[in-house]
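Going line by line, the protein sequences match chains V, P, B, X, Z and G.
Counting along the first sequence from 1, when you hit position 63 you're at 63 in our numbering, and nothing is skipped either side.
Counting along the second sequence from 1, when you hit position 176 you're at 176 in our numbering, and nothing is skipped either side.
Counting along the third sequence from 1, when you hit position 271 you're at 271 in our numbering, and nothing is skipped either side.
Counting along the fourth sequence from 1, when you hit position 145 you're at 145 in our numbering, and nothing is skipped either side.
Counting along the fifth sequence from 1, when you hit position 71 you're at 71 in our numbering, and nothing is skipped either side.
Counting along the sixth sequence from 1, when you hit position 274 you're at 274 in our numbering, and nothing is skipped either side.
What the hints contain is simulated information worked out from the structure, not anything from laboratory work.
As the structure is a computational prediction, the values presented were derived from the model and not from experiment.
A portion of the hints provided could be inaccurate.
When chains are identical, the list treats them as one kind, so a pair holds in a single copy or across two.
Claimed, not checked - Below, computed lysine-lysine pairings styled on DSSO-like, alpha-carbon distance capped at 27 Å:
hint : residue 1 : residue 2
1    : Lys179    : Lys261
2    : Lys180    : Lys261
3    : Lys16     : Lys179
What follows is the residue order along each chain.
Number of protein chains: 6
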Amino acid sequence: MYYHDKRLQYPVTVDKPNPAFARMLQQAIGGVEGEIRVCMQYFFQAWGNRAPTTTYRDMLLHTATEEIGHIEMLATAVAMNLETAPASVQEEGAADSIVGAVMGGGSAKASIEGMIHKNLLTGGLAAMPIDSDGVPFNMSHIYASGNVAADMYCNVAAESTGRVLAVRLFNATDDDGMKKMLHYMIARDTMHQQQWLAVLEELGGASANLPVPNSFPQDMEDQANNYNFYATSVDGTYPEGRWTAGPTMDGRDEFTVFQNKPLGQEPVLGPARPDSGAQDQQIG
Amino acid sequence: MYYHDKRLQYPVTVDKPNPAFARMLQQAIGGVEGEIRVCMQYFFQAWGNRAPTTTYRDMLLHTATEEIGHIEMLATAVAMNLETAPASVQEEGAADSIVGAVMGGGSAKASIEGMIHKNLLTGGLAAMPIDSDGVPFNMSHIYASGNVAADMYCNVAAESTGRVLAVRLFNATDDDGMKKMLHYMIARDTMHQQQWLAVLEELGGASANLPVPNSFPQDMEDQANNYNFYATSVDGTYPEGRWTAGPTMDGRDEFTVFQNKPLGQEPVLGPARPDSGAQDQQIG
Amino acid sequence: MYYHDKRLQYPVTVDKPNPAFARMLQQAIGGVEGEIRVCMQYFFQAWGNRAPTTTYRDMLLHTATEEIGHIEMLATAVAMNLETAPASVQEEGAADSIVGAVMGGGSAKASIEGMIHKNLLTGGLAAMPIDSDGVPFNMSHIYASGNVAADMYCNVAAESTGRVLAVRLFNATDDDGMKKMLHYMIARDTMHQQQWLAVLEELGGASANLPVPNSFPQDMEDQANNYNFYATSVDGTYPEGRWTAGPTMDGRDEFTVFQNKPLGQEPVLGPARPDSGAQDQQIG
Amino acid sequence: MYYHDKRLQYPVTVDKPNPAFARMLQQAIGGVEGEIRVCMQYFFQAWGNRAPTTTYRDMLLHTATEEIGHIEMLATAVAMNLETAPASVQEEGAADSIVGAVMGGGSAKASIEGMIHKNLLTGGLAAMPIDSDGVPFNMSHIYASGNVAADMYCNVAAESTGRVLAVRLFNATDDDGMKKMLHYMIARDTMHQQQWLAVLEELGGASANLPVPNSFPQDMEDQANNYNFYATSVDGTYPEGRWTAGPTMDGRDEFTVFQNKPLGQEPVLGPARPDSGAQDQQIG
Amino acid sequence: MYYHDKRLQYPVTVDKPNPAFARMLQQAIGGVEGEIRVCMQYFFQAWGNRAPTTTYRDMLLHTATEEIGHIEMLATAVAMNLETAPASVQEEGAADSIVGAVMGGGSAKASIEGMIHKNLLTGGLAAMPIDSDGVPFNMSHIYASGNVAADMYCNVAAESTGRVLAVRLFNATDDDGMKKMLHYMIARDTMHQQQWLAVLEELGGASANLPVPNSFPQDMEDQANNYNFYATSVDGTYPEGRWTAGPTMDGRDEFTVFQNKPLGQEPVLGPARPDSGAQDQQIG
Amino acid sequence: MYYHDKRLQYPVTVDKPNPAFARMLQQAIGGVEGEIRVCMQYFFQAWGNRAPTTTYRDMLLHTATEEIGHIEMLATAVAMNLETAPASVQEEGAADSIVGAVMGGGSAKASIEGMIHKNLLTGGLAAMPIDSDGVPFNMSHIYASGNVAADMYCNVAAESTGRVLAVRLFNATDDDGMKKMLHYMIARDTMHQQQWLAVLEELGGASANLPVPNSFPQDMEDQANNYNFYATSVDGTYPEGRWTAGPTMDGRDEFTVFQNKPLGQEPVLGPARPDSGAQDQQIG
């Protein structure tokens, strides 16, 4: 179960509210590489964890709980960037409504055009669980496979795209408050990349974990096609690299190259049945 | 641009058509860890690849093209498993319609209850781009970040969950034809896990690539919070492991533990404006 | 069954077409608090209504039918706001295409940037069943629970958020025609809020209806935890109010406060099976 | 920010694991009336709350935090219901795979047909953020309008449909452990219905809050159409009730009935432009 | 604006309620080829129709209004199929709850396994705007392009897939009441196919309408590539037919065949910028 | 199976990169009328084709394969339009980040406001499988019905809306490179409209194919309601046309007009059961 402290994980301040940056920050809340995703992903991995010990369940709970605080920070930052524009701007604009005020600034920052419209019309100038184009987050992005190694790679992927996003947001703003918040979140993403890779190492590293799942006897997979790069170019060329020659990453074989060609038959399905809603012409 | 050969990549045969297994196979077509996903993910990574050389773009094209053939194999397998039930079963059932025939078998395999209904009602007993519960694939699962290392981790994650799925499908069927097809696809997933990890090694491995993105100067992130595990348990306990002590995975620091507590303030948003659609009670 | 009159429910006129306002109006068509939602919600509640009399079914049909006319008004308003810009603006712009014309005005109102692009590219300058950011309406928002009291609260919620939206739209435009249309729709939302609350009163009010569903014998719920506010703050503080002391809203008890703590056990799931696609390390 | 305790909010035990009931429970996790919805809804209402005081923000945080623990309980219950079937059943079945074991029981409870397939194929026999038919939760269901009264009605609606669901689940199982867990969750839903209604009363009750939003001057809405029931039946009949006569719920007027008819014009849009991608026949 | 009559368009009776057939019928309500789709599609085409006359707008309104009554019939049929099972069946089962009753029948028809679970858990045994696998209808399927010929082809497509579905449903049931309802709906689909094709003929038929849109000067399209079949087989074979030789359908040219090959260049994108969140290795 | 050539199907050049046009082009990639849709639609129709011969399966494979190359062209065009703005513009802007550079141009073309934000934040200035408002493509738009005539009408509809879109894009740009690419794609859409209509002619044309499906004995449909236009206007008027009189399109009957009225009963559902989660008031 859970507790809260109403103070934020880390200070969130905005020197100059900017609705356009609020839009960008929404990607870090409701984007597929955002904080709702990692929070819920770690929770579902924890709650469904099956193993002889609860170590990984426990660790995931610590970090999932941390991530709630990240959503909170970002939601606060979005609301702050959507705050009332300065009084002088209001006066310059003819607007006597909040929308007019937001529209009236004359600068790109205050334009309704640069905003996700739902932030105003549906949320009343607050954050929503949507991405930077207003698309709601879909929970199908919560990857929790029941395989701890697969999950850890999913987590590294999530924290890698997450940190790429945070860096882009950092580069996109010149607001000192926002840069400070983001330099913290970028740091936490660094740690979380490390953390999930540390689990993989503790589990024995690539040679022990690969191929995922390692519980399937590898001699039951097609031994002729498990370490060869398929070249599908019509002219037979292919890019050489670490993946076309030399020892495989798990140390069990050598990479080779296969010029791809059909190994199977031309498929032929049976004709349609008379009573299947097909056209007469399809019925044998 | 692209060419096709109407023969299949690998033989697809079904000894005993089983609509219930057709449902399961749909997960490998339109599930989030399925073949449409990897196919389109590699294509979009290739088409948007920015780098001094085209090596990774080229390589991704080879494998993306290979994956089209995997969707094709699975779609063929689904249709075959949905084929007309054996004549004797038909005769046993009173049904003279295709639905009746499928329903009438009396065995779990032939029951309409075990099928995705759209496979019959919408697709006419063919495969569809949906998962094993009938949910259509959503293209937001195509991860292509513009960062080659992040993309490679996304690809390892996709092939890890993909192979986990293929193994579960292999274990779920006792049809020799289906087992043969799957033992091939499991092997290709093995290779693709290797392949994306090989790219990461060629790029310099963990120490060179981490943290992703490595182009952000690491001294600009919060140095006090980039290598410490946050313990969020209310009683101060935490699970010890590779992530709480010892050298970090990139070799640049030591892992430590931080008993989490608020570092920020209690956030206070301004009151609502009179003209913002709030209640009077919210207006300062 | 249904009839139509090709005249509108209420006059819809636009003094000065404004594509940016067309975008805003889309929220009232295809937003989650828009008119498609209430229309379909009332229809599905009516069509599935189970009760000894058809009174509520009948009433819902009346209002659902009214709401079709509201979608129609808004769709007309969107198309009107997307009408050809004035000839003089066209001439000023170099554009000889409709897109150019729309883009060429030089004012915020006529900019393609302020438009939902699909309104032009997919709809040909007409309304679509999408929200103000271009996201299509999803029918999962049609709440029809089979419980009349729950449905009425859902309806009050829908008309409350709906009227909030209409007020925001009213405040956002200075077009007299649009203000007139909206002052009518705001009035209808007022009535509909009243209407669903009137049903709740006719059903006996809060004391008779609560808790919803009232058909579950209340002595079968956990009597120790049905009227106490759970304080989850780590420092034991909580906001006092009507919900922490005094008689409950149904008059059956007194509100109290519970300092939250775990009442249950640490959950332990069994280890993964050898054949479940997990890693070997997860298998006991 | 947030803390956790790894013990559950309330005991979760399953006497006889039942994959079919696991499917049902999924509705309470990822259904539109489930726990992810209320948890996130209260969080976003709290984080975006604008008011002269932080009372409602604070209160919402308490309950949002409580709700995380409810998702956790349900996720645990789903995983437990998906646990290994009893050894004797395994032995009866010929299956040596986990799927086979689940399928092999011969009873409805253990049939793969009764399961959400993704719970097995994607989740590895764990809970997922999906509903009882396998549809992922979509965050567009998080209602946070920026208007505190509208939000409270949304919350009452959510807890009403939520308790209806919990009662249906209670009625659907004969497992004592599950009944005990649900009798607790039903009680909490009772309290939460009370709690949000208490806020509405503290804000002044219906007369003070209606129409929502109360900050829009009511004399600016169409006074001729804000308290009359629209009868849309083609034969002029309508169901009489509390909504057709007598004082309105806010005490400001009397309900009347209006035989609906068009008050507006037949709309005529301009012809299509020559360069708008229309057919020639549409161009004036 | 709109009126209703509470009687149904056509009689809906169910001789023997069958929850499994209720599930199938849901496809005709909320499936992509269902009645919500055509109803809303015709409405949006009507409301956005731009042309010198209102003929097509008017006609579309007539048929859109008719379609509301079809959704109503199907929703009624779903609820009827979900009705209380006969008392004797109830008595046979030990169940004293509605779920138990539905489950307890012992026949495939009454099994909860064969039902969409949301029909029970969320809808309380009523129809919902979902398809036969429980997936909610998404309004992106409302095709209204602003081009009348394109719209008519979309409508023929909708009514063709719609009638295919209705025929499959007819074949799937042996309930006389349901067969009668469906034989009516199949007839209306026949008429609607005719109706939209009649519009295309009235507009001048294929030669006048093609290519859609006909307002784009055809000499501005690539004259070398507008009437040739692209053969993409790697071995140069292709299926001969009406599309490879002979006069084109619009009578303006002859079909030819082109052995496909690249006509363009190898694309080369610029390297990533140093500040774009890419890896260092991608930066030129 | 499949092969690729890394050269493009047709030259793609951009004279002056324009992020606003990149946004528009996204509709042709991930819009419901875009190239992913037709590509996947033709593939799934091919892979599931049931007929006595493989002719249509083969033909569909040729064209599906061609369409991959169209997605590739458009993805390349999007990335090119998102390329680094000219050096002089960069210098004019104060920006030292990629976002700043894009924002800094001062012209509509270079404004971040005119971009889909995910193209920058998630994709790193590359194409994504989303539409022009940032909504991801949903695979439910892949129509493959198992009925060849229905499928062909779906394909004509797809290529008609697709060409309408391509024409709008052509009209929206003044970039010579983009116009050249689009004049090619418009031509291919012309051919594909022809191609699917040619299949319908080869199958016997309207009289042979209608009503779709033609395998359902037409005398089993309601003969009184299969060729009459339903007039639903409350005043009895209706628009006369090809659809109200004269021979039907299949030549089997004459069109007539029916003044619509209820032919069925008022539906009455049973009351709710005591244990179904309804309110007591609903229980008979």
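These are the hints, each one checked on the structure:
In this assembly of identical chains, Lys179 and Lys261 lie within 27 Å of each other by CA distance solely across copies; the values are 21 Å between and 53 Å within a copy. Taking the closest pair of Cα atoms, Lys180 and Lys261 come within 27 Å of each other only across two copies (18 Å); inside a single copy the shortest separation is 55 Å, beyond that limit. In the homo-oligomer, the alpha carbons of Lys16 and Lys179 lie at most 27 Å apart inside one protomer (12 Å), although the nearest pairing across protomers, at 33 Å, exceeds that limit.
In terms of the numbered hints stated before, the structure departs from none.
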